[in-house]
Amino acid sequence: MNITAIFINIFAGGCLIFSFLKDRKKTKQSLLGAVKSFIRILPIVFIIIIFIGLLFGFVPQTQISKIAGEQAGFWGVFLIALVGAIMHIPSLIAFPLAASLLKNGASITVAAAFITTLTMIGTITLPLEIKELGKKVALLRNGISFIIAIVIALIMGVIL
Amino acid sequence: MKENIKEKQKKGMVRDIIFLGIAIMIAIILISLFPDKREVITASSWEFFIEMIWILPAVMVLMGLFAVWVSKETVVKYLGEASGIRGIFLAILFGALPTGPLYVAFPVAAVLIKKGAKISNIIIFLSAWACIKIPQEIVEFQFLGLKFMAARLILTIIFVVIMGLSIEKIIEWTDKTKVEGAKDNAGI
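Chains A and B supply the protein sequences, listed in that same order.
The first sequence begins at 1 in my numbering and counts up one residue at a time.
The second sequence begins at 1001 in my numbering and counts up one residue at a time.
In silico DSS-like links for lysine-lysine, alpha-carbon gap of 30 Å or less:
id	chain 1	residue 1	chain 2	residue 2
1	A	K22	A	K36
2	B	K1006	A	K26
3	B	K1006	B	K1114
4	B	K1147	A	K103
5	B	K1010	A	K25
6	B	K1072	B	K1011
7	B	K1176	A	K131
8	B	K1115	B	K1006
9	A	K136	B	K1006
10	A	K103	B	K1037
11	B	K1008	B	K1114
12	B	K1072	A	K136
13	B	K1010	A	K26
14	A	K131	B	K1072
15	A	K136	B	K1176
16	A	K26	B	K1072
17	B	K1008	B	K1072
18	A	K26	B	K1115
19	A	K25	B	K1006
To be clear, the hints were calculated from the coordinates, so they are not data collected in a lab.
Okay, chain A solo, but in the shape it has when bound (with noise of 0.2 Å):
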């Protein structure tokens, strides 16, 4: 267990008696939400747990570099940065995933392109956006978060 992990459990803790001191009823309906969510999410966790050993078991980092490493260039960028758009994963697992990614040789500039567009960009939920927002709104956010996730994947390798 790190610092980082004994930290956040013990905001979340202070945040929870906080809460529950101002108000019981509240707290109770949020940590009945917060159990909910973590039942949701948990198959997909279990998901990535198991994909992320058998990458480190089967796919070499020869392959992994070659790929998503530095000599992958800016169509490696692209092409991860287009699967981190299309996937439709929760973003807290994405962390771990891009970890194990660059622990086994991908670029940083990969790894910060695959959580931008993740994060950013909803291909499953863009009719949803399209029907709230309309198609204008919907369809240039997304575009035009592509194209910036990119740019800020590219000034990181450079920083980094």
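With the hints as your guide, set chain B onto chain A.
Quick look at chain B alone, frame taken from chain A:
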């Protein structure tokens, strides 16, 4: 609408469990075919499992708390009239609060549009909601380190603000040309 979302979540859960079953089967088959890989696979899976299990419940508690305490009405009330730097700041702040997945934010954004909030603030709010969320930043810090997290956070804020302002300009510009086009057609 609410029933509809519940129904969808139920279906999603069933689908996820089926996928999990498939993943477990594939893992078992692969491990029995290549028993020498077993140690690497279980060790790395276990390592990530431990890291996540320490952090996920706390993140979920935080999200649950904020979802209850910061209501949609609060967001609409403050963001509806805010403009300028204050508007941008509030849009990022409200987006960053740990409150649920992106599809929850769309209806809020739709209400904001109707209330006459600035398009730039709505775009910034949505993007912040999508990728500058506090729980996400915590998990990113945990797995990818402070430098990675901080650099991506700062760059994202800068570019999201630029994107919001440019989309507003684009929408204003296309609306204007459309209105002028309509006028021409009407023979004015």
